[in-house]
Amino acid sequence: DTEVTQTPKHLVMGMTNKKSLKCEQHMGHRAMYWYKQKAKKPPELMFVYSYEKLSINESVPSRFSPECPNSSLLNLHLHALQPEDSALYLCASSQDWLQQGSYTGELFFGEGSRLTVL
Amino acid sequence: ELKVEQNPLFLSMQEGKNYTIYCNYSTTSDRLYWYRQDPGKSLESLFVLLSNGAVKQEGRLMASLDTKARLSTLHITAAVHDLSATYFCADLRVGTYKYIFGTGTRLKVLA
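Protein chains in written order, with the working numbering: chain A, 557 to 674; chain B, 213 to 323.
In case anyone wonders, no lab produced these hints; they're calculated from the structure.
Computed from a prediction, not measured in an experiment: that's the story for all the values here.
Treat the hints loosely; a few may be bogus.
As the list claims (entries may be wrong) - Each computed DSS-like pair below joins lysine-lysine, with the alpha-carbon atoms no more than 25 Å apart:
1. B/Lys310 - A/Lys594
2. A/Lys597 - B/Lys253
3. B/Lys253 - A/Lys594
4. B/Lys310 - A/Lys597
5. B/Lys310 - A/Lys578
6. A/Lys592 - B/Lys215
7. B/Lys310 - A/Lys596
8. B/Lys253 - A/Lys575
If we strip away everything but chain A, and leave its shape as in the complex, we get:
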């Protein structure tokens, strides 16, 4: 199984709503990522979890709150977003460089959640 599954695929929310994006992988990867991508731009790193611990937070506003409940799941909780937060949110996973075995660092992306904030 080389899939990363993201839900929902599309989300429309108002600025006062609270919603969550979910991501799941069963490849045994211990590094999981949230990226934000605007149209015609490369993905921008938001958060990285390594072994279920937050390893990187790229100065993301607190209205985005990540959570890694276990080694297979990654959530992104959204609250009081702004219209400029509308984007494609991509979850990805990879082997962690701390894992034993041959490490390639290849990122596996989910299909993405397209978020529109009204």
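Following the hints, complete the assembly by docking chain B onto the known chain A.
Just chain B, lined up with the frame of chain A:
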């Protein structure tokens, strides 16, 4: 500042032609990744290049890595319309989780 530069940014080419996309990176990384993105879709891994001189081929695409020159190339042979997409290269320093993505090359293959 760590950065990855791709050129060209846009490429419009005729079917059947050959072309090369260039990816210059500024870290001392020894690994480089290529991804493809179709419009409105996610990124799909194409190639993982893990050492100097690495060459990988898949169909009409061939990627190579020269760590001394800090350069990777993605060569397209006899392009077909199905190759139309945006191609990103990404650099990673082992021991970190920060992939530095290039600006992307938007390829359009004309029939």
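Cross-check of the supplied hints:
{"no.": "1", "hint": "B/Lys310 - A/Lys594", "in the structure": "holds, 18 Å"}
{"no.": "2", "hint": "A/Lys597 - B/Lys253", "in the structure": "holds, 13 Å"}
{"no.": "3", "hint": "B/Lys253 - A/Lys594", "in the structure": "holds, 12 Å"}
{"no.": "4", "hint": "B/Lys310 - A/Lys597", "in the structure": "holds, 17 Å"}
{"no.": "5", "hint": "B/Lys310 - A/Lys578", "in the structure": "holds, 22 Å"}
{"no.": "6", "hint": "A/Lys592 - B/Lys215", "in the structure": "holds, 18 Å"}
{"no.": "7", "hint": "B/Lys310 - A/Lys596", "in the structure": "holds, 20 Å"}
{"no.": "8", "hint": "B/Lys253 - A/Lys575", "in the structure": "holds, 22 Å"}
Violation of the numbered hints given earlier is absent; every hint is satisfied by the structure.
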